[in-house]
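Fit chain B to the known structure of chain A by using the hints.
Protein chains: 2
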Amino acid sequence: MHISLDKTGKESLTVQIAQAVIERISSGMYEAGELLPSVRKLAKEIGVSVLTVIRAYKIVEEKGYAVTLHGKGTYVRRLEKAAPPAASHDYEWQESYYDYVGRSIFGQQTPRGSRLLFPFHSATLSKEEHLPLEALQKATALAARDPHTFAEYSSPLGDLPLREHLAHAFQQRGIRVTESELMVTTGCQQGIDLVARTFAGPGDIVMVESPTYPAALDAFRSRGATILPIPCDSSGIRIDLLTRMFDQRPPKLIYVIPTGQNPTGKIMSEQTRRSLLALAESFHCLIVEDDPWSELHYTATIPPSICSMDQNGHVIYLKGYSKVIAPGLRIGCLVARGSVFLRLANVKAIADLATPLFNQRSFYHLLQNVSDERYFESVRAKMKRKKERVDKLLRQHGGAALTWEAPQAGPNFWLQTSANTEALSLLAKPHGLSFLPGAACFTDLSGGGHIRIGFGSVPDDKLEEGIALLCRLIEKQGKELYEPDVLS
Amino acid sequence: MHISLDKTGKESLTVQIAQAVIERISSGMYEAGELLPSVRKLAKEIGVSVLTVIRAYKIVEEKGYAVTLHGKGTYVRRLEKAAPPAASHDYEWQESYYDYVGRSIFGQQTPRGSRLLFPFHSATLSKEEHLPLEALQKATALAARDPHTFAEYSSPLGDLPLREHLAHAFQQRGIRVTESELMVTTGCQQGIDLVARTFAGPGDIVMVESPTYPAALDAFRSRGATILPIPCDSSGIRIDLLTRMFDQRPPKLIYVIPTGQNPTGKIMSEQTRRSLLALAESFHCLIVEDDPWSELHYTATIPPSICSMDQNGHVIYLKGYSKVIAPGLRIGCLVARGSVFLRLANVKAIADLATPLFNQRSFYHLLQNVSDERYFESVRAKMKRKKERVDKLLRQHGGAALTWEAPQAGPNFWLQTSANTEALSLLAKPHGLSFLPGAACFTDLSGGGHIRIGFGSVPDDKLEEGIALLCRLIEKQGKELYEPDVLS
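Chains A and B are the protein sequences, given in the same order. Positions 1 to 488 (the UniProt record's numbering) are the ones given, in order, by the first sequence. Positions 1 to 488 (the UniProt record's numbering) are the ones given, in order, by the second sequence.
Chain A with its partners taken away, still in its complex shape (with noise of 0.2 Å):
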């Protein structure tokens, strides 16, 4: 019998020999009338005194486990049928139960199951109003007919005439991309994520716009990287800083979203977007550029995507094309090139072996109707529109303690004020109002009481209703502070 003795431990050798023979016999390794090792053998096997083992086979014999038949030897004895365990439940033991999960920040604040009157949290668009569900219906159904669709698993990378569609509508956009460069993700999230196991680990330095998307934060930090915040002014992520930063510590990765950044709504010009790739080309780095919101810009054009202007496989770019189009599938697309791709590859099969093929299915056939300009330049049309609308409701509503830029691209506002934007969060509750507190978006979660306001999935009829509701608890709240008493 194989037991290992804790010489230092708090219980008595005599102690752990008696338990270890105990879990032996409970577990069924030793059967109801088997002999049990005789004391002299095991005290060799294990290196103990014979006293110490006779010690032991007595307390498994006190507790009812073996019974002694002098001169023959020490027998397992037939147990009772255990009792049924009591319907108490001990999960403490799980406590110290390590794990390697990183704090995840967006789900906390993502306020779930009530159907809220005014979503400010979320940065999708209006069902009702924007996206295309009756070609979305059509699409499933047409998916649906060829009954393949249920039965068969998809190929890791993504469904073949998928891809190939992708890599076309990429190619007219400048990104020399062959479809066996692309892959199809569960959402644009996985994504994320998949770069993330794939490339970032503990020690790394993962350096990313200050403020950005709290899901991405979520994802390097639980890969235990060092996130690196880089400040950005009008030109996006400061080159300058950068430079600096990477002489000290050079990157593995850099995570932006150039184009509606995420919380901000800005768009990094082209000349920075030119500077960053220089600079991952001279460190050897890689720059995921994160691009959920290219077809909502409020600006006359958009610079080109960096991995457009990339040669040397230097850019992961992460599309969320459902975005814009069909949330409900969670459909995005990841391109890479090189070895690097095929890293992304192998590790997507190991997160779920591949996306549902119903959904890929579907999704194509929905672009053979949606992908082209005219549908875009309707969600965008409609979307500027609102966006124009919430500035100038701003505008009327808010008082002196709110700033904000509208945003250039992307279903965000991004507004600093000086409420306690936590104690805003719970006076918004009740209202059924909803809001991103800005500390999500910090890796220090300082927040400077900011808030990202989504304006995508709040009806155009209750717009107006929303953001006064808003501002006056903005108003409320920085007026609590002082004077507790007068409100309640």
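Don't read these hints as lab results, they were simulated from the structure. If you're wondering where the values come from, they're calculated on a predicted model, not measured in any experiment.
Same chains, same names: a pair is fine if it fits in one copy or spans any two.
Straight-line Cα separation of at most 25 Å, SDA-like style, residue types lysine to any residue; simulated pairs:
1) Lys41 / Arg244
2) Lys41 / Val76
3) Lys138 / His148
4) Lys382 / Tyr153
5) Lys44 / Gly73
6) Lys127 / Gln137
Frame of chain A, contents of chain B only:
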């Protein structure tokens, strides 16, 4: 200017400084016409002699990036618009770019992209013969009626009605679980991967049945865990060995597939299940109970799941509920208790925010029709007949070189052969016949001349031809070892 000089480097200080300055100019940190720091100032700042900086600036000038005006200083030159980069790519830098990817074996062993005549590699069921395609079409059509399902994200844990339905179904099978201890995953593989990335890390011991499911090995491998394979006997994983191993190196996780073990098709006895749980309890570790096949048993009954015996949160139960119903929707489910569940939920949100809502709603509608016992009884009966037929065909066509035990549950036969399975795989390919080489199921890739054949997805009318062909190829491969010229 911050320049980190490598004083032990291959490059001279002069060249290093020149390169650093050129990088800053190319990246846009210094703009055309801007004055570079004075020679004296820079020399002092970075701790080198004035002469070194003068030489460095000279290089910068020679390369065309700056111009020195005597008595005034060195100015950045307006750079010519860079020529468009050449079409050739240089991905070589990526080779030294470190990653955290484990060897992924399963993906490599799975043929893709071709419609095979005899797809014995697949462990899924035949679409045409077994899957409820009509019910699936109806279910997706129902889900599509509510356009919200395209336009909304699900909660990270999954859509509430589906979770309630699954929790209720599990309760009826003796698993005490509420909807708050159950999450929907994007296929069962995601469940395995979530557990691996949450709880397994470098140095942690993960024990598995040997042989086991290759994609699970991939998930644990990708985490850098130490995987210990435990042999099985007719009752399942060998508790006697496990008990000894626990003494020496207590594991963090034990991964088992008690019903329809993959690849062997065995069923673990109730006694072994109980003993395994008792061991996990005494050593405070987690059992990962993977259950893709419990509906497909060929014995009269099957023992209760380990999860149903678990009182204190030692079991994480993974149900590939969709495997026998709708592989293309990729719906799986995970049950766990206490903080173990909460930690997994955290990681699920990081992995993909949520499983697509449309798939969950479709699956929910599907379960209203086909989750009853009658559906599974009919699939079970069909698959049992098929299994018996395969067994008969193997006896008919397989020579002495082939031994096997028919599966007790699931869609796989695990065959032992004296053939070289790698060579056999190549031999089979041109015939449109595929199987899983057994090596993928062992931690050391030894394989010992095994192959796994899934009979579920080969249509009834192809079965005889397929098995006869396989047996012929095995015989041929066996002969080839000795008489390579006889057959060609």
